[in-house]
Structures are given as structure tokens and as C-alpha cells.
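Engineer: Below are the chains, spelled out letter by letter.
Protein chains: 2
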Amino acid sequence: MAKFKGFLFGLFLVGSIALNIFFLTNNLYAGYVNKQQLSWSQRAAAEAEAVASVSCSGHGITYLDGLFLDGKPVCECNSCYGGPTCSHFLPDCVANADSGDPLFLEPFWMQHAESSALLVAGWHRMSYGFADQSSMSQVLQNHILKVHSISRNAITKGKYLVFGAGSTQLLSAAVFALSLNSSSLARVVAASPYYPVYKTQTDFFETAHFEFQGDALLMKRSSNSTGNVIEFVTSPNNPDGLLRKAVLQGSSVNAIYDHAYYWPHFTAIPAPADEDVMIFTISKLTGHAGSRFGWALVKDEVVYLNMLKYMQLAELGVSRDTQLRALQLLKVVLEGDGREIFHFAYEKMRDRWENISQIVSLSKRYTIQDIPPQYCNFFEKVRGPSPAYVWLKCEREEDTNCNAVLRGANIIGRLGSLFNASDRYVRLSLLKRDDDFNLLLYRLKELVSKEGGAETL
Amino acid sequence: MAKFKGFLFGLFLVGSIALNIFFLTNNLYAGYVNKQQLSWSQRAAAEAEAVASVSCSGHGITYLDGLFLDGKPVCECNSCYGGPTCSHFLPDCVANADSGDPLFLEPFWMQHAESSALLVAGWHRMSYGFADQSSMSQVLQNHILKVHSISRNAITKGKYLVFGAGSTQLLSAAVFALSLNSSSLARVVAASPYYPVYKTQTDFFETAHFEFQGDALLMKRSSNSTGNVIEFVTSPNNPDGLLRKAVLQGSSVNAIYDHAYYWPHFTAIPAPADEDVMIFTISKLTGHAGSRFGWALVKDEVVYLNMLKYMQLAELGVSRDTQLRALQLLKVVLEGDGREIFHFAYEKMRDRWENISQIVSLSKRYTIQDIPPQYCNFFEKVRGPSPAYVWLKCEREEDTNCNAVLRGANIIGRLGSLFNASDRYVRLSLLKRDDDFNLLLYRLKELVSKEGGAETL
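Just so you know, the protein sequences line up as chains B and X, in that order. Under UniProt numbering, the first sequence has 172 at position 172, and the numbering climbs by one with no breaks. Under UniProt numbering, the second sequence has 139 at position 139, and the numbering climbs by one with no breaks.
Hints may contain errors.
[To be verified] From the derived model, a few chain X residues whose C-beta atoms are all more than 10 Å from chain B:
id	residue
1	Ser39
2	Glu49
3	Leu161
4	Arg244
5	Leu327
6	Ile356
[As the list claims (entries may be wrong)] Here are a few chain B residues that face chain X, going by a calculated C-beta distance under 10 Å:
id	residue
7	Ser16
8	Glu47
9	Leu119
10	Ser137
11	Ile150
12	Phe293
[Unchecked claim] Straight-line alpha carbon distances no greater than 25 Å define the calculated SDA-like cross-link-like pairs of lysine to any residue that follow:
id	chain 1	residue 1	chain 2	residue 2
13	X	Lys199	B	Phe204
14	B	Lys364	B	Thr400
15	B	Lys309	X	Gln312
16	B	Lys199	X	Cys80
17	B	Lys72	X	Asp274
18	B	Lys309	X	Phe379
19	X	Lys72	B	Gly227
20	X	Lys309	B	Thr400
Everything labelled a hint here was simulated from the structure, so no lab data went into it. In this text the structure is predicted, and so the values were computed from the model without any measurement. We treat Cβ as the ideally placed atom computed from N, Cα and C, and that holds for glycine.
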């Protein structure tokens, strides 16, 4: 009996010691995982994760600043989806391909959740100025230069950097900067088809120093480019995705190169751009259109100082919150060999273009732009097209308003005349979410399949 | 011997079981503390805490986007402090009271570290538009309305809200909006002394629809206010902190009320402001000048739509990162009874004014503005002054350039002539950090104590 008691006792002791060893290693591991015990940041981090953990069936997102119902965030559904968890597809919903909202990049950021998250302390960057009293983050500038170095899409050496709230703001800043010191009125032009904002923005802000004149091609043909001329050159162009150079030449002609789409995502990079004024936007690099962040590379010091003056008087520099976010995003872009986002984006856009091309190739009524294969400095090989937009043309004589034709097929595009082109053209965005693109593709298939004589799909 | 062995054995077992109990309760507690195990947000939260944990001797801060040395963030030192941990005071350093940088509120946010922290996911708000396709957060709008309701400083009912990148951008947007549809040129005025940006900004952006004319008081005296007139009314005024009404009246006169400082921090609130165009900024409410966020309350729908058009063409709406940050800050402002920040700010500004007043009262050469006690709707009592700036006057006949006099005493202020006033005046900022204010106070004491005949301090 005593021996049995002793045996039980021994068993208890061994079991207890084993339990201790288990607890000890568990604590050590937990301590390793929670390398640093969080304190004041715990609540914010937990809240962000809680909001993001709500399921929207893969067809919606919840946001920290969205609506809440009974303390739970409400799903903001993708186009054509509805219901509390965005699980209902709305079959008669229109395929809206109007906007250049670059949400095709959303999955990239969801895949990089950990590295792209950012925790902002309540006291972070309250001041009007950085340590050097400027309104531009030096660290962010360095990251931008590195991104250009890796993508090989722009010469940055010997250029000044200016930040703006999107390329939108920098377009205006550049027009002001190039016309301020001029004795004569600067006439602002762009070669059709061109991005509508060049005209609407320049008209709205028209001063005694500049005015929007119209089509650069018309000006070229009329040989009337004397006096100060400012030409917007979009390369690759919006809407047709073709690489461009300035149409006008001369000592009194200044070009503003809008390189929003000059990334491997959307075009071959034959050589790094090396113009006097080059504008880029994070909207079309990382997809963060809502952040309102862009930058200009400027060669001339006077133009640079004028653009800084514009930014100072317009809004005292770009938000520090925006600059911090941009920095975090570019850190992720530069991770590893810094090439991942370009591969992700290019493959997605290329596949979308190929899908659309295939459908349209079966049509007798519609054509799309032809973008020839070209050598790319980034991929170091000849590559095919992957433009941001389809520039669709209605070829049938009676289809003078192509947007109306598509509207009949439950597709919304952007009218050609908005780009100073014919209404036979419609711009269709390839930039949006998979849900948007898939519906667009489906509707186009339907449209083409209804053509008499076209091969059935 | 056997009994002793048995005793040891028992001791081991009891000890082991005690250890079991310890580990068990420890794990349960750790599980309670880490209510939710973090995953993808852990890195960002840990990084933010690590950066913030670096000591800068209470005279500097480290930032996520600051410089790093050997993997450690570098302290950005407050004015007049230096060294790797900002522990060296630089005794001959100038007291710089030029800028209205509202860093006096920094300690408030450090005290509210947990509630004011914000974790932004990489995929957060990438789109150009919110769910309603607008560029203005509905949730943020609601919070702004609540803040006005608690501070009782503005009637919001029946008004439209417009967001801008700081009040700076909204000043310009309002001028455009009020002059766009006018048949005649709108002349823009402000009553001296006035905030310099009204002139510099309006001159820079001058269109065919408006031009800066000058002093509203001159226009009043010359009875020349026919035709479209736009008057900037700053209340309380910058630089002198006095409450103001429009100087000009008439059906063709439109006033833009710049209420940047119309908070209990800086002035009595005799009644909620109820003007047709009222502009506020988060810079002077929470102190987040770097965020570039402001809002306008607008009565007239056409003016409102014009301001929206301005925001659309200028930059496609305010950054979503900025709006998210502003929302988090206003959530903290509204915590509890929503009155804490007003008490914090008022007491700090009041104490600073009393300190300055006391010094200057001993001087025969310098005077400051007189702000009479006034009933305040927020504090529900008569209260004294707590303005953002000292509007110092050099009274001695030979001191025609007051800024130069102060410069001789190692103080930098802002020249009176910049405000369209005499150079006998200097504006001294009371808005900066304790380090800045303490040095300003010290230098002023020195200056006044050197006056012949003045009481020694």
C-alpha cells in the first residue's frame, strides 16, 4: 500500500514537473511571438484588425471610417453586389467602365497586409514643417528616387522634386510655374485625344498669364506657335495608351509631361524619361488614388521655385499624413528586389487586355487601339500591350454615339468627345476590381455575340 | 531517513504544484491582456511604439518618417536644443516666435496616446470615391457637426460642408466661388491688420473674376463699395485676437469669415457664429497643422457647389488619409463630455498670456493689445483673454522697426507691415511648445529688465 501510495505520489510529481515544462516553453514561445508587448498602440491595432476581419463575401470591404451598425462595420459592396455581406449579385447591374479608379491593385496590398500597415501616433507630425522647415519629407523623396531607379522610367539626376496632392494639383502648379514670369500670354494646348482635365482645370484657374487654347495638332498645322506655348504631353496617352512626344517645338514652347501611366504596369519603358517637367502620381503606381499624392521632377530652378510657391499658397504643402502613408507604401514597393508590384500589375493588365482583345477581334462593329510590341528597359525584352484603357471605336456608319450604343448593352464608358475626339470613340477603364472587369468582359461578350454574322463565342 | 526523503518529496510536489498554479494564472492574465491576438497589424504597432519609446530628454521627438542612424530613429530636437538626445540647451539661441505652429497642443495628444492612435491598413480607402462616390467622408462630417454643437461656436443647421486642405485652400476656394458667377470684377479686401495670405494668395491666383484691392477700412472710408466686393473677416483676428464683424455692408458685399481661432482655446464665444461662409481648420482646434485639413460651412447652394468644383479641379478632394486621421482626432475630442481639449487649451493659453502680460506691464517701452473680459457661451461665464498671439507695439518714438528692436534682444517675431500695419508692431506667437514659450518669456524679461527706470524683475 505504501509502495502504491509512493508510486502515485511519484506520478503526480512527474506530471506536475511536465506541466511546468510545458508552461515554461509556452511562455517563452509566446514571449518570442509577441516580441514586444504592446501598450498604447494595442487598441488601434486591434480595432483595425477587427474591422478588417468582417467578411464581405470577397465582394466588398469594411473601413475604419465607414458606417457602423450595432457596433459592427457595414460592408461597402463592390459594384453590382449587395446585401449585408455583399453576397448578392445584381444581375441587371450596369458594367461601369467610366472611371480610372485603380482598384486592380487592391489584392496586392491585401497580400502585403503586414508590411503595408501603418500605425500613426496621435502626436505624429503636428507641425507645419519638417525638421528642415520644409513641407516635403526628405525620406519620402529618397524613396521616390529609388523607385524611379528600379523601374528605370525616369532620369532623376539633376532634377528638383515637388510634391503635390495628386498629379491633378501638379498639372495646375506647372502651368502657373511656366507662365508666371512670361511677358506674353501663355497658350496651353494638348494633342487630341487628351485628358479632359487639362482643359477644364486650365479654364477654371485661368489668369492673365495663361489660357487654354485647344488642340496642339491644330496649332501645329496652323504654324501658329509663336509666343509662349505650354503643351501637355501625356505619355502613355490617356485614353489610348500610346507613347507620345511633344507635338510642338521651339524655344518658347514648354512641355509638361504627364507620366501618370509611364510604369511597367501599363506600357513598355523604352528609355527613362528625361524631360524638363515630368509628373507622376501614386494613384497609378500603387493604386492609392484616394491618398492624393503625386510628384514632379523639374529641371529648371525657377520653374521649381514657382511650383513650390504654388504649393505654399494653395495649401502649405501636402498633408503629412499623406506623405507618411506614401512612404509606407513605397517601402513595400521597394522590398526585395523592388520589382514585385510591377510584375503583379503588368500581368494583371496584360491578361485583361488580352481578354478584351480576343472578344473584340471577333467583332465586325468595334475596333480597339493597336499598340505594337516594343522593347522594355524594365523587363529587358520585347513586350506586348497592357494599357489602362480600351479606346473603343464604333465602326458602323450609324453608330455615331458609341457610348449610347454601349449603354444599350448595359455598359457605361466615357464619351470620346470629352477627350476632344469623335463620339465614335468610348474610353473603357481596365483599372477597376476583378468584379468590375469580369462584368465588363461579360457584357462585351454578350454585345459582340449578338452581332449578325459574328462567330458565336 | 525515509521520513525525511518523504518530506523532501512532498515539498517538491507542493512547490511544483504552486508553480503550476502560477503559470496557469499568468497565462490566463496574459490572455486577458492580449484580449485579441494581433496578426498582420503587430509589426506596424510594434514599430510605432519602438520609435516613440526613444528618449529625447523631453526636448525632442522621434518620428516614423524621420532620419534613422544605425537602425535607430534620430531625435528631432525642439528649438534651441541639440545633441543626440536633445539634452543640450543652446544658450545663445534665438527665441523664434514668428510662426503660428500650434504645438502647444502636443502634450494633450501624448496624454491621449491610446485613444488617438490609428492603424491604417495597406488597402484602406484606395478609391477616388467613398461609397456615395463623393470625396468627403460622411462620418467625418457628422463628427465635425458634433464638435460645433459642443463648443457652441457655430450654427451648422441649414449649412453645407466643404472639406479643404487646411483653411488655406478654402480661403481661395471661397474667393473663386463668390466671384465665378459675377458679371463684374470682384474686389477682395480685408481690414488691417490682416493675415498676409489673403493678399499673397489672392494676388497669385488672380483671375478675370477677382482681384485683391487692399484695406477694407480704406474702402469703407472712400464709400467705394459698389460692385461685387468680397471681404475677408477674421474673428478673432490674426494678429490681435479681437472679435470682429464685417466692415462693409451691402447687397453686393460677400463676407468670408475666417474662424480659424474661434474656439474656446483663444477667445470667449459670445454666440455661435452664423455667417454665410465660415471657415475652420483642424490646425487650431487639435493642433494638427501638418495634416492640412479644414472645412467650410456654407449657406448658399451655388457657392457650395462652386467650392466643390474648386476642390474637384484643384485636387479631386482632400486626401482620404488626412480625413481618416482627422476622424480619429475628433473621436478623441468628443470623448467623455467633449470638453476636455477646450479646457486644456484655454488654460494653457490663458496662463501664457498672463505671464506675458505681467512682464510687459512692467515696461515703459512696449504695450500689448487689450482684450476685455467677455461672456463666453462655452464656459458659461465671463472670461479673460487667451489669444494665439501677442500684438506687441514699440512705443518709443525712435523704435520705428519693432522687429529689429526685438531682434537685438534675440527674439524673432513677425513684422507688422506684413499685416498691412505699422512696423511699430510685431506679432509674437504664443502657440508653440513650452520650450519655445519659456525661452520667449525669458528673453522678454531680459529685454524689459534692461529698460532704464523700469522695475527690476
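Engineer: Work down the list of hints and note, for each, if the structure agrees.
Structural biologist: Against the structure, the hints:
1. Non-interface status of Ser39 (chain X) relative to chain B is broken: a Cβ of that chain comes within 10 Å, the nearest being about 7 Å off.
2. For Glu49 (chain X), the shortest C-beta to C-beta distance to chain B comes to about 5 Å, within the 10 Å cut-off, and the non-interface label is violated.
3. Listed as a non-interface residue, Leu161 (chain X) keeps its Cβ farther than 10 Å from every Cβ of chain B; the least gap is roughly 15 Å.
4. Taking the minimum C-beta to C-beta distance to chain B, about 23 Å, the non-interface status of Arg244 (chain X) holds against the 10 Å cut.
5. Some Cβ of chain B comes within 10 Å of the Cβ of Leu327 (chain X); the nearest lies about 5 Å off, and the non-interface call is violated.
6. The non-interface label for Ile356 (chain X) is consistent with chain B: the shortest C-beta to C-beta separation is roughly 22 Å, beyond 10 Å.
7. With its C-beta approaching chain X no nearer than about 4 Å, Ser16 (chain B) sits inside the 10 Å limit, and its interface hint holds.
8. Below 10 Å, beta-carbon pairs count as interface contacts, and Glu47 (chain B) has one with chain X at about 7 Å; its hint therefore holds.
9. The interface hint given for Leu119 (chain B) holds, since its Cβ lies 4 Å from the closest Cβ of chain X, which is under the 10 Å cut-off.
10. Checking Ser137 (chain B) against chain X by beta carbon gives a least distance of about 5 Å; that is within 10 Å, so the hint holds.
11. Nearest Cβ of chain X to the Cβ of Ile150 (chain B): about 19 Å, over the 10 Å cut. The hint is violated.
12. At a threshold of 10 Å, the smallest CB-CB gap from Phe293 (chain B) to chain X is about 7 Å, leaving the interface hint in force.
13. Distance hint between Lys199 (chain X) and Phe204 (chain B) is fulfilled; the C-alpha atoms sit about 20 Å from each other, no more than 25 Å.
14. For the hint linking Lys364 (chain B) to Thr400 (chain B), the alpha-carbon distance of about 16 Å falls within 25 Å, and the restraint holds.
15. Annotation: proposed proximity of Lys309 (chain B) to Gln312 (chain X) holds, straight-line Cα distance about 21 Å (limit 25 Å).
16. Proximity of Lys199 (chain B) to Cys80 (chain X) is assessed by CA-CA distance (about 49 Å); at most 25 Å being required, the pair is judged violated.
17. For the proposed pair Lys72 (chain B) and Asp274 (chain X), the alpha carbon gap of about 36 Å is over 25 Å, so the pair is violated.
18. Only pairs whose Cα atoms come within 25 Å are accepted, and Lys309 (chain B) paired with Phe379 (chain X) is rejected, the gap being roughly 41 Å.
19. Simply put, Lys72 (chain X) and Gly227 (chain B) have alpha-carbon atoms about 54 Å apart, too far for the 25 Å limit, and the pair is violated.
20. Taking the CA atoms of Lys309 (chain X) and Thr400 (chain B), the gap is near 30 Å; set against the 25 Å cutoff, the hint is violated.
Figure legend: structure checked against the earlier numbered hints; hints not met, in rising order: 1, 2, 5, 11, 16, 17, 18, 19, 20.
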